[in-house]
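S.K.: Sequence:
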Amino acid sequence: MEKSAEKNPEKQVETLVLCVDRDNDLGRKTPFKGPIIGMEQNLMAAQAMGLADPTDTDLNALYAAIRLAKEYKTEVVTLTGARTVGVKSDSRIAEQLEEVLTRFKPKSVIFVSDGADDEQVLPIIQSRVHITSVEQVVVRQSKELEKAYFKVTTFIKEISAEPSLARLIFAIPGIALLLLAIGGTRAVNLILAVVAVYFILRGLQLEEGIFNRLTGFLGSLSLERISTLVYLIAATTALVGMGYAYSDVRKTTVNLDDIKLTLNAICIFILSSPSIDLFLMAAFAAIMARLMDEYIAHRVLNMRRYLILLAFLVLVRTLFDGGAKLWLSSDYRDYNLGDFFFTAFIGLLGFGIWVKFTEYMFFSELEAAHELAKELTGREVHDTKGAVLGKVSKVVLDGSELESISVGKRKFKKQDIVSYEDKVVVQAR
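Under the working numbering, the sequence shown is numbered contiguously, ending at residue 460.
Think of the hints as simulated: they come from the structure by calculation, not from any bench. Any given hint might turn out to be false.
Derived DEER-like restraints, expressed as beta-carbon distance ranges [claimed, not checked]:
no. : residue 1 : residue 2 : range
1   : Lys101    : Asp414    : 19 to 29 Å
2   : Val118    : Met319    : 39 to 49 Å
3   : Met319    : Thr86     : 53 to 63 Å
4   : Leu379    : Ile231    : 49 to 59 Å
5   : Glu396    : Val118    : 35 to 45 Å
6   : Met70     : Glu434    : 30 to 40 Å
7   : Tyr277    : Ser424    : 47 to 57 Å
List of simulated lysine-lysine pairs, DSS-like, C-alpha gap at most 30 Å [as the list claims (entries may be wrong)]:
no. : residue 1 : residue 2
8   : Lys416    : Lys387
9   : Lys282    : Lys356
10  : Lys422    : Lys440
11  : Lys188    : Lys405
12  : Lys405    : Lys422
Just so you know, even glycine gets a beta-carbon here, dropped at the ideal spot from N, CA and C.
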């Protein structure tokens, strides 16, 4: 059975001793819950804590608060938060503090805690009552260690909360170490290439979009979907293609100092290596799987994007094939510049017709998306408290669904947009 505050009548004190247990160790290890009011109740709580966990640093803070209350002949109160440190724990502490201030009406408080984490609630207390003194109770020899630990854990939390920083600090070094473990010093060039690609994506501001799509793609994989099997087939086909490509490259003698010989080798590879067709088949399979997912999710405009991508792959394959034959015209005597231009013209014309055809297929959805973007652009944006943040300068749609809006330099993602029907309301962070 939980024990709560002592039921004393209201009593005004000049200075109140306030002990804070932000992560609620006391409430989790003993039957006591905050606010714990009075010398007797706090002594009982300290004894219960000592029996439950004599190594807990909150025990030191509790005894220190009792000692100070005796010394100044005043009341002592202990406030407890929640195991999940943050908004939840701080809200509980604020509620208990209001109750205590209403009861005792102190002019000031002496704040007692067991470390830097509990001191995060100081602004909450300072906004309601004057703090005369802050007493930090730390076991001897551990103060600097605790401060260092707190700084490290805070740094890790801040990095983990920001996906782009987490990728830079944790993911890239992790990939580098994994490649080193697999390939040893031979993997150095590959590591440099991975890091270079990441920095290029970050510099072009493509990183966030690519990783968001990758996260969404991985989250959509399920054994219950046939598309997952198709993705597996596509990946297997691509791996086989890589094997053929590696084998063909090993057989080819390339002299980078001789540009003509190098281009000859590339053209021969395009025309003769089965890896090109295998890569193309893998891409086709992956796109078909994606079309299945988009159809099931009713994201019609995204289906148009992938249908256009299918046609684009056919066009690229046709142009590369024709370009390679033209370069090796001595080996393909029946293929000349006119043939290449005719092939390119037919390919581009077919691609343009296909794009227009898909536009006709999804005309109503395209119009709806265009109208939504037009309607939102220029509208005032309010936060949940009613304050005006500015006007919508850019609208980003994922198919026909709203993905994000920009207000000046600030960007609000779908999860931050509360509503946009009557007026645009966002959750400002």
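S.K.: Return holds or violated for the Cβ distance of Val118 and Met319 against the range 39 to 49 Å.
M.R.: Because 45 Å falls inside the window, the suggested range holds.
S.K.: Within a Cα-Cα threshold of 30 Å, do Lys405 and Lys422 meet the stated pairing?
M.R.: 13 Å, holds
S.K.: For the pair we were handed, Lys282 and Lys356, check the Cα-Cα distance against 30 Å.
M.R.: 21 Å, holds
S.K.: Do Met70 and Glu434 keep their Cβ atoms within the hinted range of 30 to 40 Å?
M.R.: 58 Å, violated
S.K.: Within 19 to 29 Å: is that where the Cβ-Cβ distance between Lys101 and Asp414 falls?
M.R.: 48 Å, violated
S.K.: Run the distance test for Lys416 versus Lys387: straight-line Cα separation, threshold 30 Å.
M.R.: 46 Å, violated
S.K.: Would you check the hint for Lys422 and Lys440, treating anything up to 30 Å between C-alpha atoms as holding?
M.R.: At roughly 11 Å apart (the allowed maximum being 30 Å), Lys440 and Lys422 satisfy the hint.
S.K.: Return holds or violated for the Cβ distance of Met319 and Thr86 against the range 53 to 63 Å.
M.R.: This hint holds: roughly 60 Å between Cβ atoms.
S.K.: Please work out if Lys188 and Lys405 have their alpha carbons no farther apart than 30 Å.
M.R.: 39 Å, violated
S.K.: CB of Tyr277 to CB of Ser424, is that within 47 to 57 Å?
M.R.: 48 Å, holds
S.K.: Tell me if the beta carbons of Glu396 and Val118 are separated by a distance inside 35 to 45 Å.
M.R.: With Cβ atoms ~40 Å apart, the hint holds.
S.K.: Has the hinted range 49 to 59 Å been met by the Cβ atoms of Leu379 and Ile231?
M.R.: Check failed, 29 Å falls outside 49 to 59 Å.
In terms of the numbered hints stated before, the structure departs from hints 1, 4, 6, 8, 11, listed from lowest to highest.
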